Amino acid sequence: MSHRPARRPRRHLAVASALAAVAALTATACSGPSVGSTPAAADDAEAIDWSQVEPASEITWWSNHPGQSKAVEEELIARFEAEHPEISVKLVTAGANYDEVAQRFQAASQTSDLPDLVIASDVWWFRYHLNDQIMPLDDVFEHLDAEADDFQPALYADYEYEGQHWAAPYARSTPLFYYNKDLWAAAGLPDRGPETWDELQEWDASLRQHVPANGSTFGLSTGPSWGAWWFENMIWGQGGEYSDGFDLTLDSDESVAGGQFLHDLFHASGVASLSADDAMADFASGLIASTIGSTGSLKGALDAASFEVGTAYLPDGPAGGGTPTGGTGLAIPSSRTPEQKLAAAMFLQFITNTENTAYFSQSTGYMPVRTSAVESDAMKETYAQTPQFRTAVDQLADKARPQDYVRVFVPGADALLNQAIEQIVIEGADPRTAFEAITPQIETAYKENVEPYL
Amino acid sequence: MTTANTLSASGAPTPPAPLPARAAPPPRPQPQRASRGRLSTRRRRSALLWALLLAGPNVALLLVFVYRPLLESFYLSTLQWNLGSPTARSVGLGNYVEWFTAPSTPTVVTTTAVFTVATVGGAMVLGLGLALLLDRKLVGRGLARTVAFAPYVLSGFAVGILWLFMFDPRYGLVQELLGLVGADSPQWYTQRPWPLVMVIVVYLWKNVGYVALIYLAGLQSVPRDLKDAAALDGASSARTLRSIVLPLLTPTTFFLLVTMLLASLQSFDIIKAMTSGGPLGSTTTLMYSIYQESFVNGRAGYASAVATVLFLVLLVVTAVQMRFVQRKVHYA
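Protein sequence lines, in the order shown, are assigned to chains A and B.
Following the numbering used here, the residues of the first sequence are numbered contiguously, the last one being 454.
Following the numbering used here, the residues of the second sequence are numbered contiguously, the last one being 332.
If you are wondering where the hints come from, they were derived from the structure by calculation, not from laboratory data.
Note that this is a predicted model, so its numbers are computed, not measured.
Beta carbons are placed, not taken as given, at the ideal position from N, Cα and C, and that holds for glycine.
Be careful, since some hints might not be right.
Said to hold, decoys possible - Cross-link-like lysine to aspartate or glutamate pairs, in silico, DMTMM-like; alpha carbons within 25 Å at most:
{"hint": "1", "chain 1": "A", "residue 1": "Lys90", "chain 2": "A", "residue 2": "Asp113"}
{"hint": "2", "chain 1": "A", "residue 1": "Lys181", "chain 2": "A", "residue 2": "Glu162"}
{"hint": "3", "chain 1": "A", "residue 1": "Lys447", "chain 2": "A", "residue 2": "Glu162"}
{"hint": "4", "chain 1": "A", "residue 1": "Lys380", "chain 2": "A", "residue 2": "Glu308"}
{"hint": "5", "chain 1": "B", "residue 1": "Lys272", "chain 2": "A", "residue 2": "Glu427"}
{"hint": "6", "chain 1": "A", "residue 1": "Lys399", "chain 2": "A", "residue 2": "Asp253"}
{"hint": "7", "chain 1": "A", "residue 1": "Lys380", "chain 2": "A", "residue 2": "Asp150"}
{"hint": "8", "chain 1": "B", "residue 1": "Lys272", "chain 2": "A", "residue 2": "Asp278"}
{"hint": "9", "chain 1": "A", "residue 1": "Lys70", "chain 2": "A", "residue 2": "Glu381"}
{"hint": "10", "chain 1": "A", "residue 1": "Lys90", "chain 2": "A", "residue 2": "Glu75"}
{"hint": "11", "chain 1": "A", "residue 1": "Lys447", "chain 2": "B", "residue 2": "Glu98"}
{"hint": "12", "chain 1": "A", "residue 1": "Lys399", "chain 2": "A", "residue 2": "Glu381"}
{"hint": "13", "chain 1": "B", "residue 1": "Lys272", "chain 2": "A", "residue 2": "Asp99"}
{"hint": "14", "chain 1": "B", "residue 1": "Lys272", "chain 2": "A", "residue 2": "Glu254"}
{"hint": "15", "chain 1": "A", "residue 1": "Lys181", "chain 2": "A", "residue 2": "Glu195"}
{"hint": "16", "chain 1": "A", "residue 1": "Lys399", "chain 2": "A", "residue 2": "Glu160"}
{"hint": "17", "chain 1": "B", "residue 1": "Lys272", "chain 2": "A", "residue 2": "Asp277"}
{"hint": "18", "chain 1": "A", "residue 1": "Lys399", "chain 2": "A", "residue 2": "Glu199"}
Stated by the list, open to error - Partial chain A-side listing against chain B, Cβ under 10 Å, derived:
{"hint": "19", "residue": "Ser34"}
{"hint": "20", "residue": "Ala102"}
{"hint": "21", "residue": "Ala107"}
{"hint": "22", "residue": "Arg127"}
{"hint": "23", "residue": "Asn131"}
{"hint": "24", "residue": "Asp132"}
{"hint": "25", "residue": "Pro224"}
{"hint": "26", "residue": "Ser275"}
{"hint": "27", "residue": "Ala415"}
{"hint": "28", "residue": "Ile426"}
{"hint": "29", "residue": "Glu427"}
{"hint": "30", "residue": "Ala437"}
{"hint": "31", "residue": "Pro440"}
{"hint": "32", "residue": "Ala445"}
{"hint": "33", "residue": "Pro452"}
{"hint": "34", "residue": "Tyr453"}
I would like the entire structure built from these sequences, with the hints used as guidance.
What follows is the structure in structure tokens.
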């Protein structure tokens with residue numbers, strides 16, 4: 001190091017300013033929550049007079065492109081920009097599934113790096129709402145004449161809490177019973193799904209002779225955001241449920257019977273086998289004769305399978321059954337400017353309008369979210385050509401049941417429920433023990449992350 | 001002749017030298033100390049200022065991006081916070097108490113221990129073996145070295161997803177190969193302990209090349225004349241390996257042990273891509289449980305407490321290694 005002639009004041013200044021910069025950076029970069037005894041009440045922000053707001057010229061949309069819909073979403077954006085040349089929409093792949101988008105959205109919540117429109121799945125939107133991260137849509141939809149009452153009532157009501165709607169339905173699905181029509185015919189079975197789970201067990205004897213050696217009559221896969229969804233049909237079928245309101249009912253005899261039914265399906269009757277990774281792939285390859293899959297997998301299954309794919313309602317149990325609804329809606333983050341919010345709402349309205357929801361449904365298999373779209377000529381034509389598309393819409397009208405609160409509203413509960421289901425399916429655990437093991441954790445999650453915010 | 005024993009006594013802590021060791025390295029000049037008292041206060045202060053100024057930018061970055069988050073994470077570990085909310089509740093040491101008493105903690109710790117021992121131990125042994133092999137004069141040695149090192153530069157996520165296909169118990173390559181010898185494929189995705197075995201295998205595949213490369217560099221700094229002398233004295237190659245090569249490789253082994261241990265305890269990408277910690281938590285390591293608690297269960301405060309525990313574990317492991325393992329290190 002060479003020593004230049006001393007110019008001390010300058011050097012002092014430089015050192016001091018460097019230290020000051022460090023201190024300032026350290027201080028300002030500090031973020032994180034403020035600590036209070038009670039969480040802030042979810043006050044509704046003061047009402048915005050939307051008629052005084054000019055929409056922003058650019059908005060960002062975070063999506064995981066449900067049902068491999070990236071090209072479809074790009075087409076929706078192109079249509080919107082053609083109609084509203086003053087607004088451009090940036091599509092961001094914010095994750096591979098609903099959970100990843102949600103995690104990114106949570107992590108970004110303390111920053112300004114937020115989207116104007118975000119995927120809000122059935123198990124996540126309520127968490128966003130509890131954190132005041134999203135805004136109610138009722139006012140802005142009214143201002144835009146979005147005809148919210150044309151949304152399929154069951155689908156729009158899913159996002160209602162305390163009289164306001166916190167998201168709009170977008171890629172909405174139900175689980176469906178998928179069956180291999182060729183195998184069905186070979187086994188001499190009627191061309192329909194089983195009406196009850198008992199009927200599937202009766203059919204097993206004849207179906208089993210026609211599936212490959214390492215295959216089975218029925219196959220399922222588990223996993224977060226998945227296992228605890230289809231299992232609702234089975235637990236309801238035995239008269240049980242995860243929870244009554246927020247009160248856990250996993251220890252009721254009916255709920256345990258639901259677990260026992262699942263146990264026997266895999267470990268007693270041998271009707272079902274566990275698919276290592278993706279049951280839909282095993283189904284499409286002909287390894288298993290039937291499975292439960294999301295509506296959103298329909299287009300993919302029709303394209304992938306070399307046989308004729310049949311779709312049916314989920315089978316009933318002795319106490320009925322029904323189907324949960326699921327999939328994702330879209331929400332608008334509450335911290336955006338009114339201009340951004342308005343532009344996002346305009347775009348949201350546009351992509352869920354009658355024509356575009358029909359287009360999205362035809363391209364993916366997700367349900368059209370508007371009643372007018374179900375009755376539209378476009379969808380009627382689709383249903384005539386591929387009647388499988390119709391099953392989900394009919395099932396929604398005939399059999400849909402709101403999901404149990406604990407799965408969709410308690411953070412992390414879905415993953416815990418899936419854990420109990422895996423314990424039963426993979427390890428043959430006793431259902432009562434498996435449910436008991438996750439109960440304390442769900443109760444903690446409720447006490448920590450839901451109760452204080454209600 | 002010189003033996004490994006006499007060598008070990010002469011160790012000055014310098015990196016392995018390319019030349020044969022000197023019997024006694026000359027003491028280093030220490031001008032600073034010698035002239036300390038003569039240096040004027042003014043000049044010393046000015047030197048200090050310069051040092052601060054020049055180190056400043058780096059120190060600033062470290063403070064902002066390493067130490068501040070670290071301290072903030074300590075603070076978060078005393079909160080109950082769900083990551084998305086603008087508010088949180090202080091719970092003191094409650095998160096720590098919960099972790100130490102949680103029924104899942106022993107499982108996570110065991111899984112972490114098995115994963116760490118298997119990946120670090122396996123990578124060191126296999127890496128050394130591979131290095132010894134690649135150190136020989138073989139045809140196509142350059143290509144073999146490149147191939148062995150290549151997995152290390154790939155993204156862990158991509159590696160995980162590719163291997164997931166290969167392990168598929170119904171269609172995968174591994175299942176085909178096992179079929180050739182008449183073995184049934186284990187249920188790699190679903191049946192314990194196979195998911196953990198699968199993740200360990202992939203981790204080894206990805207990291208062995210790196211260990212081999214570092215060992216190879218170490219092997220090439222083992223003085224030729226030592227090995228020749230041993231050969232002249234009639235030592236077998238196994239004996240030479242045990243008494244000369246391995247002791248001289250201890251600095252390399254030490255370096256690898258520290259870095260591999262830290263990397264293994266922090267590994268995330270392969271587990272996330274292949275098993276997401278499942279099934280039934282059987283591949284959930286301490287590191288993965290931090291992600292799980294924070295981003296899936298929305299318990300950022302609790303996750304920070306687990307992160308602090310992991311931090312302390314890493315600190316202790318490193319300190320122990322520095323203190324005890326380094327004593328047994330031989331330098332050529």
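Results of checking the hints against the structure:
{"no.": "1", "hint": "Lys90/A x Asp113/A", "verdict": "14 Å, holds"}
{"no.": "2", "hint": "Lys181/A x Glu162/A", "verdict": "45 Å, violated"}
{"no.": "3", "hint": "Lys447/A x Glu162/A", "verdict": "20 Å, holds"}
{"no.": "4", "hint": "Lys380/A x Glu308/A", "verdict": "21 Å, holds"}
{"no.": "5", "hint": "Lys272/B x Glu427/A", "verdict": "22 Å, holds"}
{"no.": "6", "hint": "Lys399/A x Asp253/A", "verdict": "24 Å, holds"}
{"no.": "7", "hint": "Lys380/A x Asp150/A", "verdict": "18 Å, holds"}
{"no.": "8", "hint": "Lys272/B x Asp278/A", "verdict": "17 Å, holds"}
{"no.": "9", "hint": "Lys70/A x Glu381/A", "verdict": "24 Å, holds"}
{"no.": "10", "hint": "Lys90/A x Glu75/A", "verdict": "12 Å, holds"}
{"no.": "11", "hint": "Lys447/A x Glu98/B", "verdict": "15 Å, holds"}
{"no.": "12", "hint": "Lys399/A x Glu381/A", "verdict": "24 Å, holds"}
{"no.": "13", "hint": "Lys272/B x Asp99/A", "verdict": "13 Å, holds"}
{"no.": "14", "hint": "Lys272/B x Glu254/A", "verdict": "35 Å, violated"}
{"no.": "15", "hint": "Lys181/A x Glu195/A", "verdict": "16 Å, holds"}
{"no.": "16", "hint": "Lys399/A x Glu160/A", "verdict": "20 Å, holds"}
{"no.": "17", "hint": "Lys272/B x Asp277/A", "verdict": "14 Å, holds"}
{"no.": "18", "hint": "Lys399/A x Glu199/A", "verdict": "18 Å, holds"}
{"no.": "19", "hint": "Ser34", "verdict": "6 Å, holds"}
{"no.": "20", "hint": "Ala102", "verdict": "8 Å, holds"}
{"no.": "21", "hint": "Ala107", "verdict": "7 Å, holds"}
{"no.": "22", "hint": "Arg127", "verdict": "7 Å, holds"}
{"no.": "23", "hint": "Asn131", "verdict": "4 Å, holds"}
{"no.": "24", "hint": "Asp132", "verdict": "7 Å, holds"}
{"no.": "25", "hint": "Pro224", "verdict": "7 Å, holds"}
{"no.": "26", "hint": "Ser275", "verdict": "9 Å, holds"}
{"no.": "27", "hint": "Ala415", "verdict": "6 Å, holds"}
{"no.": "28", "hint": "Ile426", "verdict": "5 Å, holds"}
{"no.": "29", "hint": "Glu427", "verdict": "7 Å, holds"}
{"no.": "30", "hint": "Ala437", "verdict": "8 Å, holds"}
{"no.": "31", "hint": "Pro440", "verdict": "9 Å, holds"}
{"no.": "32", "hint": "Ala445", "verdict": "7 Å, holds"}
{"no.": "33", "hint": "Pro452", "verdict": "7 Å, holds"}
{"no.": "34", "hint": "Tyr453", "verdict": "8 Å, holds"}
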